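The residues making up each chain are set out below.
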Amino acid sequence: MPDTATEVASLVDKDYEHGFVTDIEADTVPPGLNEDVIRLISQKKNEPDFMLEWRLKAYRHWLTLQPPHWAHINFPEIDYQAISYYSAPKSDKERPKSLEEVDPKLLETYEKLGIPLEEQKMLAGVAVDAVFDSVSVATTFKDKLAKEGVIFCAFSEALQTHPELVKQYLGSVVPMTDNYFATLNSAVFSDGSFVYIPKGVRCPMELSTYFRINASHTGQFERTLIVAEEGSYVSYLEGCTAPRRDENQLHAAVVELVALDNAQIKYSTVQNWYPGDENGQGGIYNFVTKRGDCRGHHAKISWTQVETGSAITWKYPSCVLTGDHSVGEFYSVALTHHHQQADTGTKMVHLGKHTTSTIISKGISAGQGQNAYRGLVRIAKQADNARNYTQCDSLLMGSRCGAHTFPSVEVKNPTATLEHEASTSKISDDQLFYCLQRGISEEDAVSMIVNGFCKEIFKELPMEFAVEAQKLLDMSLEGAVG
Amino acid sequence: MLTIKNLHVEVDGKAILKGIDLEVHAGEVHAIMGPNGSGKSTLSNVLAGRDGYTVTQGDVLYQGDNLLQYEPDERACRGVFLAFQYPVEIPGVNNVYFLKAAVNAIRQYQGKEELDAMDFMALMKQKMTLVKMDNTLLKRSVNEGFSGGEKKRNEILQMAMLDPKLAILDETDSGLDIDALRIVAEGVNQLRHSQRSIVMVTHYQRLLSYIVPDYVHVLSEGQIVKSGDKNLALELEEKGYGWITEEVA
Ligand SMILES: Nc1ncnc2c1ncn2[C@@H]1O[C@H](COP(=O)(O)OP(=O)(O)OP(=O)(O)O)[C@@H](O)[C@H]1O
Ligand SMILES: [Mg+2]
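Protein sequences appear in the order of chains Y and H.
Going by the working numbering, the letters in the first sequence line up with residues 1 to 482, in that order.
Going by the working numbering, the letters in the second sequence line up with residues 1001 to 1249, in that order.
Just so you know, these hints were derived from the structure itself, not from any lab.
There may be inaccurate statements among the hints.
Claimed, not checked - Here are the computed distance ranges between Cβ atoms for each label pair: (1) Y/Y180 / H/Y1109: 54 to 60 Å; (2) Y/E442 / H/N1066: 20 to 26 Å; (3) H/K1014 / Y/D429: 14 to 20 Å; (4) H/T1136 / Y/P414: 38 to 44 Å; (5) Y/D429 / H/S1227: 30 to 36 Å.
To be verified - In silico lysine-lysine, BS3-like type, Cα no more than 25 Å apart, as pairs: (6) H/K1139 / Y/K459; (7) Y/K471 / H/K1132; (8) Y/K471 / Y/K266; (9) Y/K381 / Y/K426; (10) H/K1226 / H/K1239; (11) Y/K471 / H/K1100; (12) Y/K426 / Y/K266; (13) H/K1112 / H/K1165; (14) Y/K471 / Y/K347; (15) Y/K426 / Y/K459; (16) H/K1100 / H/K1125; (17) H/K1139 / H/K1100; (18) H/K1139 / Y/K455; (19) H/K1100 / Y/K459; (20) H/K1139 / H/K1165; (21) Y/K455 / Y/K426; (22) H/K1100 / Y/K455; (23) H/K1230 / H/K1005.
Quick caveat, the model's predicted, so the values are computed rather than measured.
Idealized CB from N, CA, C, for every residue including glycine.
Produce the complete structure using the sequences and hints provided.
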């Protein structure tokens, strides 16, 4: 389909010229949330009418909701009227001029991760010079995608260029009324990514938010929508192992995935928000709603995540297995250290016949970290011959941390097959001593044992990501033993 | 090579070793025998630097240097190797990967160049024949699901790869069938060397008929109560430990 391809190519080029950062002049709406603020956000972004209507509807619904409370997470009440819901990207004037002005602690971390200097600048929010920008990987990247007809752009950009696609799929997986944070996001979302893979196309490369340079300012209410048409394939990478500088405490993102007949979406996340200091001060609260719908038969959606950041993480990437013979997978490593709290897990909702789901969750707790796995497997009445395999393993380092698992199942069809396995282990003194006696240092030994524990998950990650994830775990566990 | 002088060791406030004296020269093989619970593993663990043991008196000199001052990994890097009575399983960590990490950590400490994958595999192939170890075990996680005998062979393979100066083998013969015992013993014999000392803990004379020791010591209630040559082991096989402890008392 050369026509679509060239059309997309020209759009892509044009959009890149303008960029979405430049068409918003610097200004910030005062803290607080009301309908005027939402109108202003929508107007600033020059959104189509349907978008504004949608936001307002979500806002009105949100007003009727109560903030949630959970047994295994403690956090101070959030004052939603104290948050500013729109702030334009920082101008170069406000940003640090060079790395010398950046917090040395942050630079130290970049150093440890081996991040190249130019990328360090980008991540730290240093005003990047034009040269770096124009020779960036992003440009060549976009050309290649356009040839295949793949759309990969900022959400706000998609609203301008492909409003009909956004309208068709937005909220079709995570309805605006879904939960407190998803509803809030629907009302005020700032930006995010939009991906569309045409019928029969195998996306020629891993799509990574990392390459979307502008995405560094999508802020606290991110929104991502990925649509894979019949017989297509895409692997999407979210996040980055380097901690981002971020002043916003509350993050409430929404991610929706739609896989049609025989389509496959692989969504990998390596998350490293700033977790707060050793006492848990200043970390980020991360409340995310991620859901994929295997809408077609033989569709497949896999979530793979490695979570180490955040003071508090609350996140359940889920799959709705609508199409017959569709497949849902969830592979997760969650690490908590110091005072971090993670409450993660997944939901697998089997609606179609012969649907299969696999859940492998690995929790690592160190220091005073608390790790909870919460899983739900639901087999609907009409879902004949559904299968699920669940495995939850916890690794404890030290005696003050905790691991909790809350698996639950609802089975309405007697032909279902469910298997569940769980284990809790400690890095034993025996294991450590064995490594030491072979000349391996304690730090390397811990890293080796932890990586061994996570192996099943790491092998699901794209190669470079797996290497980064490993480094990230090593770094997050520094000083965890001894 | 190794000089132990009046070594006293406590565990949880309980005295386990009560004045051990032992002199091991380069190239010698010493066998340590003795009843269950007499302190053989304790002695092995203290030499390797395991946590939880308190040395209350005495000295251990290794290559003329105070051994007890070093952390366990540093002792390993200086050439002290312990073949475990119960080798530990490390799930998810590949056996070869583990061994390569160990070999290179030690080489690095000793100021030698690290082995690259090719050289390492070549060395590995050569050492594998020593204990006739099955190739498929290399692809598995460290000791995970290994049979008792396979674990012991793996220990000797590690010893061969790490090239220690002082090797302490804690009941390497237990759990081995007759053929495996012979293979492992032959492996150890090939590792005998004028510059390497071996301290071998065992309950059975059978091992000592394959690996002929220069000295045999009997440990009882935390003390070496009798030393002799290989004939002492034969005598023990025949009469048990009773007569020695009586003789001492
Ligand atoms: N961690 C510990 N806590 C308490 N007691 C211990 C500990 N480790 C060893 N002991 C005790 O020390 C004594 C010596 O144990 P050790 O394992 O050294 O004996 P051994 O000679 O190796 O015995 P075996 O022939 O059965 O292997 C035993 O009484 C044992 O119970
Ligand atoms: Mg013992």
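For each hint, the structure was consulted:
no., hint, in the structure
1, Y/Y180 / H/Y1109: 54 to 60 Å, "55 Å, holds"
2, Y/E442 / H/N1066: 20 to 26 Å, "21 Å, holds"
3, H/K1014 / Y/D429: 14 to 20 Å, "19 Å, holds"
4, H/T1136 / Y/P414: 38 to 44 Å, "41 Å, holds"
5, Y/D429 / H/S1227: 30 to 36 Å, "33 Å, holds"
6, H/K1139 / Y/K459, "16 Å, holds"
7, Y/K471 / H/K1132, "36 Å, violated"
8, Y/K471 / Y/K266, "22 Å, holds"
9, Y/K381 / Y/K426, "40 Å, violated"
10, H/K1226 / H/K1239, "14 Å, holds"
11, Y/K471 / H/K1100, "19 Å, holds"
12, Y/K426 / Y/K266, "31 Å, violated"
13, H/K1112 / H/K1165, "16 Å, holds"
14, Y/K471 / Y/K347, "29 Å, violated"
15, Y/K426 / Y/K459, "22 Å, holds"
16, H/K1100 / H/K1125, "13 Å, holds"
17, H/K1139 / H/K1100, "13 Å, holds"
18, H/K1139 / Y/K455, "14 Å, holds"
19, H/K1100 / Y/K459, "21 Å, holds"
20, H/K1139 / H/K1165, "28 Å, violated"
21, Y/K455 / Y/K426, "16 Å, holds"
22, H/K1100 / Y/K455, "18 Å, holds"
23, H/K1230 / H/K1005, "23 Å, holds"
In the structure shown, a violation is registered for the earlier hints numbered 7, 9, 12, 14 and 20, in ascending order.
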